[in-house]
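**Q** First to last, the protein sequences are chains A and B.
Mapping to this note's numbering: the first sequence position 286 is 380, numbers consecutive.
Mapping to this note's numbering: the second sequence position 320 is 414, numbers consecutive.
Keep in mind the hints are simulated off the structure, nothing from the lab.
Misleading hints may appear alongside valid ones.
25 Å max Cα-Cα, derived BS3-like pairs, lysine-lysine [to be verified]:
#1 B:K389 to B:K350
#2 B:K345 to A:K374
#3 A:K281 to B:K374
#4 B:K281 to A:K374
The model shown is predicted, which means the values in this text are computed figures rather than measured ones.
There are 2 protein chains.
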Amino acid sequence: MINTPNQLSLEWIGTYSAAGQHLPGGVARAITKLSAQRVLSMTAPLNRQFLLAQRPVGLPSRDTFNYVENPVGEPGPGQILVKNAYLSLDPAMRGWMNEGKSYIPPVAIGEVMRALGVGQVIASQHPNFAVGDYVNGAIGVQDYFLGEPHGFYKVDPSRAPLPLYLSALGMTGMTAYFALLDVGAPKAGETVVISGAAGAVGSVAGQIAKLKGCRVVGIAGGADKCKFLVDELGFDGAIDYKNEDLHAALKRECPKGVDVYFDNVGGDILDAVLTRLAFKARVVICGAISQYNNKQAIRGPANYMQLLINSARMEGMVVMTYAPRFAEAAQEMGGWLASGQLKSKEDIVDGLETFPETLLKLFSGENFGKLVLKVD
Amino acid sequence: MINTPNQLSLEWIGTYSAAGQHLPGGVARAITKLSAQRVLSMTAPLNRQFLLAQRPVGLPSRDTFNYVENPVGEPGPGQILVKNAYLSLDPAMRGWMNEGKSYIPPVAIGEVMRALGVGQVIASQHPNFAVGDYVNGAIGVQDYFLGEPHGFYKVDPSRAPLPLYLSALGMTGMTAYFALLDVGAPKAGETVVISGAAGAVGSVAGQIAKLKGCRVVGIAGGADKCKFLVDELGFDGAIDYKNEDLHAALKRECPKGVDVYFDNVGGDILDAVLTRLAFKARVVICGAISQYNNKQAIRGPANYMQLLINSARMEGMVVMTYAPRFAEAAQEMGGWLASGQLKSKEDIVDGLETFPETLLKLFSGENFGKLVLKVD
Numbered sequence: 095m096i097n098t099p100n101q102l103s104l105e106w107i108g109t110y111s112a113a114g115q116h117l118p119g120g121v122a123r124a125i126t127k128l129s130a131q132r133v134l135s136m137t138a139p140l141n142r143q144f145l146l147a148q149r150p151v152g153l154p155s156r157d158t159f160n161y162v163e164n165p166v167g168e169p170g171p172g173q174i175l176v177k178n179a180y181l182s183l184d185p186a187m188r189g190w191m192n193e194g195k196s197y198i199p200p201v202a203i204g205e206v207m208r209a210l211g212v213g214q215v216i217a218s219q220h221p222n223f224a225v226g227d228y229v230n231g232a233i234g235v236q237d238y239f240l241g242e243p244h245g246f247y248k249v250d251p252s253r254a255p256l257p258l259y260l261s262a263l264g265m266t267g268m269t270a271y272f273a274l275l276d277v278g279a280p281k282a283g284e285t286v287v288i289s290g291a292a293g294a295v296g297s298v299a300g301q302i303a304k305l306k307g308c309r310v311v312g313i314a315g316g317a318d319k320c321k322f323l324v325d326e327l328g329f330d331g332a333i334d335y336k337n338e339d340l341h342a343a344l345k346r347e348c349p350k351g352v353d354v355y356f357d358n359v360g361g362d363i364l365d366a367v368l369t370r371l372a373f374k375a376r377v378v379i380c381g382a383i384s385q386y387n388n389k390q391a392i393r394g395p396a397n398y399m400q401l402l403i404n405s406a407r408m409e410g411m412v413v414m415t416y417a418p419r420f421a422e423a424a425q426e427m428g429g430w431l432a433s434g435q436l437k438s439k440e441d442i443v444d445g446l447e448t449f450p451e452t453l454l455k456l457f458s459g460e461n462f463g464k465l466v467l468k469v470d
Numbered sequence: 095m096i097n098t099p100n101q102l103s104l105e106w107i108g109t110y111s112a113a114g115q116h117l118p119g120g121v122a123r124a125i126t127k128l129s130a131q132r133v134l135s136m137t138a139p140l141n142r143q144f145l146l147a148q149r150p151v152g153l154p155s156r157d158t159f160n161y162v163e164n165p166v167g168e169p170g171p172g173q174i175l176v177k178n179a180y181l182s183l184d185p186a187m188r189g190w191m192n193e194g195k196s197y198i199p200p201v202a203i204g205e206v207m208r209a210l211g212v213g214q215v216i217a218s219q220h221p222n223f224a225v226g227d228y229v230n231g232a233i234g235v236q237d238y239f240l241g242e243p244h245g246f247y248k249v250d251p252s253r254a255p256l257p258l259y260l261s262a263l264g265m266t267g268m269t270a271y272f273a274l275l276d277v278g279a280p281k282a283g284e285t286v287v288i289s290g291a292a293g294a295v296g297s298v299a300g301q302i303a304k305l306k307g308c309r310v311v312g313i314a315g316g317a318d319k320c321k322f323l324v325d326e327l328g329f330d331g332a333i334d335y336k337n338e339d340l341h342a343a344l345k346r347e348c349p350k351g352v353d354v355y356f357d358n359v360g361g362d363i364l365d366a367v368l369t370r371l372a373f374k375a376r377v378v379i380c381g382a383i384s385q386y387n388n389k390q391a392i393r394g395p396a397n398y399m400q401l402l403i404n405s406a407r408m409e410g411m412v413v414m415t416y417a418p419r420f421a422e423a424a425q426e427m428g429g430w431l432a433s434g435q436l437k438s439k440e441d442i443v444d445g446l447e448t449f450p451e452t453l454l455k456l457f458s459g460e461n462f463g464k465l466v467l468k469v470d
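Make a model of the complete structure from these sequences and hints.
**A** Structure representation (structure tokens):
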């Protein structure tokens, strides 16, 4: 089912900004505050947590994590307590489990597994966040977040369903937007190919490319996903990598070559698309999900010399670099969502306790749209 | 020995242009014409040629080529006959021997092996080229070129020694100039690392980076080459990949990370430098000499995801794309050569007959500076 928030108006967009401007609350806000205060006055509830127990070799499993239950604490100065509602499950989480230099430090052994998510503030000693506020941030794989709200910002559930703040209106949407438009820089009429096209980032990136006047070809696994890309999202073509010869299909769908390749998967698919690059093509490295669980070294793109012979480039990006422009992007994305030109599909799984198994849906190619874990 | 053409003045630069404007000749020109005409009046000499006999698997060898001797023909309409003087031996030649799509067609089996070079026109039925002119173009691995002068342009041996038109003032220099400045786009104060740094392109690129105010670190094989880079060319540091731990040396020489990596070699060295990229780094893919003779598939850079976590890019280029700007580059390069700020080192080997073995110096890491074959 596609969540098309036709009820959205352009008004709400102002609430979504990296700075986290807070809009005055209404009746609903007051009621929420009241019930939140009631929770705090009772005996402290238990906080179910998944801690990183060991660094996985290959696919993570239940043994990767240590499940514990601890009483919920109370915020100290500068801290907030958040009742988590939805967690964003992302391929990047696999990378956070590894040791070594990256764009953020790895999760330490014994630490709560890092996850972005949305939840409601139920106690606060931070001047910018009040009880009742809904926030988006790195709340972790647990029932409650307690700590300083570094990088947290407010969201308004009266303007869009909370899961949407993790998909098109969250890091997923920001990643698709900036990776495509800023790094890929497609021009109208160009051919844009997207792998992992039925996934969270790919499905949004492909729709944005369509809105910008490109010919858009999605690569996905299975007839259902391919049909969805063309029939529901309006892609010009789709390639079922599980059932088609990639090289032949790329030739068929991209007769003039590939101007922008938005890669979420790496491996064989990246190598195949490299052989079809057009002159001055841009390859956006957004992910490499086929490689994240390798037990051996990552396999690099053997055909990278195609960059030389086509005067092409391959470029990566970290979405947080674009934080100063999130508000601008959210405004445009919100407009497309409101008008129904952009569709966001969430795959919502119930229950924090299913976390280790639900996470694996990302790597089996099983999930369809943005994978979200409903905490309770 | 370094060829520092201090005798060059800025005047001569005008002769070096993609359009191939011809300057009026002087006494030397007249003498040259005379002797050329004398050659033509004799019995047609033999043309020694190396034809491509088979597509090599791994390193090329004498068996890769078919050596023949044919009488020299006479130019038809639109054609010229050139007495070849010097051939440019380049890693790219290995790629031209392979079948398959590239920026130019492969050399056909039975065809004269393609090579750039300089020589003198000794007969002409082309309006832009006169007997006595010296030309730069794809003259092939042979004593005489006969055909239409596609892409040929004139050079003036009174302004610079002929081999210089194959090194700093030829495609080598143009490649270094545009790959570094246009693709790498280094800013003063940034750290630029160059592999194959004692090679033809690398040694010029490194000197240009120094002239632009960068910290320049060269990677080369052996103490002699490293000493040359620092003592003769003014590099800030050098790494001897044959005798040092690459990772430790990169850390030592690039404490703030690598802003621009100019890669001529691929393989392990590319992978090592990728782990040291600075935020927003640019990796210029200029060559991959370690991979050209692989019998298996080329090994892609396993650490390419460093592009993602550093918001970095990897970009290739084909020098002919910049043909409209060659005159501009030649002007700047010529100025640097004339003032002694840019040094060009040629490794000149005598005798067309040594071609198959001389070519291998490129791949053994044996050559030092620009490898040039003197035809006779």
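**Q** Check whether the Cα positions of B:K281 and A:K374 lie no farther apart than 25 Å.
**A** Holds. B:K281 to A:K374 sits at ~23 Å (cutoff 25 Å).
**Q** For a C-alpha distance cap of 25 Å, please report whether A:K281 and B:K374 respect it.
**A** Holds: A:K281 and B:K374 sit about 23 Å apart, inside 25 Å.
**Q** Decide if the proposed pair is consistent with the structure: B:K345 and A:K374, CA atoms, cutoff 25 Å inclusive.
**A** violated, 33 Å
**Q** Is the Cα-Cα distance between B:K389 and B:K350 25 Å or less?
**A** It is violated: about 37 Å lies between the C-alpha atoms, which goes past 25 Å.
Going through the hint list in order, the structure does not satisfy hints 1, 2.
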